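**Q** Per the numbering used here: the sequence shown = residues 1 to 138.
In case anyone wonders, no lab produced these hints; they're calculated from the structure.
Quick caveat: nothing in here was measured; it's all calculated off a predicted structure.
From the three backbone atoms N, C-alpha and C, an ideal C-beta is built for every residue, glycine too.
Some hints could be false.
As the list claims (entries may be wrong) - Derived Cβ-Cβ restraints for the label pairs, each shown as a range:
| id | residue 1 | residue 2 | range |
| --- | --- | --- | --- |
| 1 | I40 | R129 | 30 to 38 Å |
| 2 | D15 | A78 | 55 to 63 Å |
| 3 | P43 | L68 | 15 to 23 Å |
| 4 | L107 | L68 | 37 to 45 Å |
| 5 | I11 | G63 | 23 to 31 Å |
| 6 | K86 | D15 | 51 to 59 Å |
| 7 | S67 | P6 | 41 to 49 Å |
Claimed, not checked - Computed list of lysine to any residue pairs in SDA-like fashion (alpha-carbon distance at most 25 Å, straight line):
| id | residue 1 | residue 2 |
| --- | --- | --- |
| 8 | K86 | R129 |
| 9 | K88 | H121 |
| 10 | K88 | I40 |
| 11 | K88 | E70 |
| 12 | K25 | V5 |
| 13 | K88 | I138 |
| 14 | K86 | L98 |
| 15 | K86 | I61 |
| 16 | K25 | L36 |
| 17 | K88 | I123 |
| 18 | K88 | E69 |
| 19 | K86 | S127 |
| 20 | K88 | L50 |
| 21 | K88 | S48 |
| 22 | K88 | R53 |
| 23 | K86 | M100 |
| 24 | K88 | I117 |
| 25 | K88 | R122 |
| 26 | K88 | R118 |
| 27 | K25 | I11 |
| 28 | K86 | L57 |
| 29 | K88 | A78 |
| 30 | K86 | N108 |
| 31 | K88 | R60 |
| 32 | K25 | D15 |
| 33 | K86 | L107 |
| 34 | K86 | E75 |
| 35 | K88 | L125 |
| 36 | K25 | I40 |
| 37 | K88 | V128 |
| 38 | K86 | V128 |
| 39 | K86 | S67 |
| 40 | K88 | Q77 |
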Amino acid sequence: MEPYVPQTLPIETIDWIRHVPLIGKANRALARYDGLVQGIVHPEILLSPLTMREAVLSSRIEGTQASLEEVLEFEAQAKAKYETEKEKDIQEIINYRLAMNSALELLNERPITINMIRELHRILLTSVRGRDREPGQI
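Required output: the full structure, derived from the provided sequences and hints.
**A** Structure below.
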């Protein structure tokens, strides 16, 4: 197998007549998107369902079994106790989202450090399986 070797820049065979209108169209679409995003007062409202979906999908890697709908329904009930295995899975997903949101906030304040990782680990293990295995310790 031969490695791919790209053309050296500047590429002389670019069909500028074909590409410039497409570049302009892409630029306009990005500008519209940027304008919409800048107008959102609370972007976390828009991002919350996306981060929850990410938490659900990422938690499946660990064997956690709960759907996005089940997590949202559970949160709407605001239960304090997690009795069934499904509820424990859901709490792990909620912790994942909390840790992800905390990481974003912390990264605005400081670089990634061991203490930050420990703090996020504590959040992940709060009130779930593994909580007795030294949360926050590496």
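**Q** Enumerate the violated hints, using their earlier numbering and listing them in ascending order.
**A** Numbers 4, 5, 10, 12, 30 and 33, in rising order.
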